[in-house]
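Let the hints inform the model, and build the full structure from the sequences given.
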Amino acid sequence: MPQRRALWRIKRSGLSDLIEEYTFSRYQTPEKWQEVAKSKAIRFLDHPGAWFCISGTPGSGKTHLCTAIASELIKAGKEVRYMLWRSEAPRLKSLINSREEYEQLMREYRGTEVLYIDDFFKGTVTDPDKNLAFELLNDRYNSRKTMTIISSEKTIEEILGIDEAIGSRMYERSKGYYVKTAADNWRLHGQGITR
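Residue numbers (this note's numbering): 2 to 196.
If you're looking for bench data, these hints aren't it; they were derived computationally from the structure. Treat each hint with caution, since some may be false.
30 angstroms max Cα-Cα, derived DSS-like pairs, lysine-lysine [what the hints assert, rightly or not]:
1. Lys33 to Lys94
2. Lys79 to Lys39
3. Lys181 to Lys41
4. Lys39 to Lys94
5. Lys79 to Lys94
6. Lys131 to Lys146
7. Lys181 to Lys33
8. Lys131 to Lys33
9. Lys76 to Lys181
10. Lys123 to Lys155
11. Lys181 to Lys94
12. Lys41 to Lys94
13. Lys181 to Lys131
The following block contains the structure:
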């Protein structure tokens with residue numbers, strides 16, 4: 002029964018395609034910053050109410066590390082919800098006039114034990130994006146029982162420049178669990194492509 006519940010949670014999280022590939026054991030640490038990032042991610046698992054934030058270039062391992070965290074939390078019996086910002090933010094904004102549907106979906110994101118937001122603020126950030134992000138993150142900021150995992154190409158400093166209220170909440174709640182990657186896009190290695 003515990004295994005069945007874990008499998009159900011993995012399927013419900015939206016991470017079933019990534020969870021077997023993106024594990025801590027498969028996360029390589031040839032660089033010192035990667036060792037530090039992995040260490041922070043593992044320590045984060047034992048701190049309910051904390052946030053784990055990681056920023057950096059595409060292909061620097063952000064999704065790998067965040068998915069490994071989510072997987073371990075699912076195995077520990079936590080309810081994890083995956084939110085790909087680039088697809089879910091437009092969906093939520095389109096529901097704003099269907100208040101009941103909007104509130105239902107937002108309740109699911111706000112209330113889940115663990116929320117994993119992937120590619121936060123990717124692309125152009127509009128005022129409706131900022132309003133949505135603030136509503137979602139402020140609610141989770143005020144709840145000391147929920148855990149939040151955020152990956153973004155934007156650093157917390159850049160997010161502070163976009164919206165100080167959002168950035169400062171991220172900064173405060175991810176103290177000790179914020180990683181700024183120092184890597185190039187690993188997907189391009191070995192392809193003869195330089196940037």
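Hint check:
Between Lys33 and Lys94, the direct Cα distance comes to roughly 40 angstroms. Violation of the 30 angstroms bound is thereby established for this hinted pair. For the suggested pair Lys79 and Lys39, the alpha carbons sit about 20 angstroms apart, so the restraint of at most 30 angstroms is met. With a C-alpha separation of about 12 angstroms, the suggested pair Lys181 and Lys41 falls inside the 30 angstroms cut-off, and the hint holds. With a C-alpha separation of about 34 angstroms, the suggested pair Lys39 and Lys94 falls outside the 30 angstroms cut-off, and the hint is violated.
A threshold of 30 angstroms between alpha carbons decides the hint, and for Lys79 with Lys94 the separation of about 28 angstroms falls inside it, so the pair holds. Using a Cα cut-off of 30 angstroms, the hinted pair Lys131 and Lys146 holds, with the two alpha carbons roughly 24 angstroms apart. Our distance criterion of 30 angstroms between C-alpha atoms is met by Lys181 and Lys33, whose separation comes to about 12 angstroms. Restraint check: the Cα-Cα separation between Lys131 and Lys33 comes to about 34 angstroms, which exceeds 30 angstroms; the hinted pair is violated.
Under the criterion of a C-alpha separation no larger than 30 angstroms, the hint pairing Lys76 with Lys181 is consistent with the structure, at around 27 angstroms. A hinted pair counts as satisfied when its Cα atoms are at most 30 angstroms apart, and Lys123 with Lys155 qualifies at roughly 8 angstroms. Using a Cα cut-off of 30 angstroms, the hinted pair Lys181 and Lys94 holds, with the two alpha carbons roughly 29 angstroms apart. In summary, the hint linking Lys41 to Lys94 is not supported, as the alpha carbons are separated by about 33 angstroms, beyond the 30 angstroms threshold.
The straight-line distance between the Cα atoms of Lys181 and Lys131 is roughly 22 angstroms, inside the 30 angstroms bound, and the hint therefore holds.
The structure fails hints 1, 4, 8, 12 (numbered hints given earlier, in ascending order).
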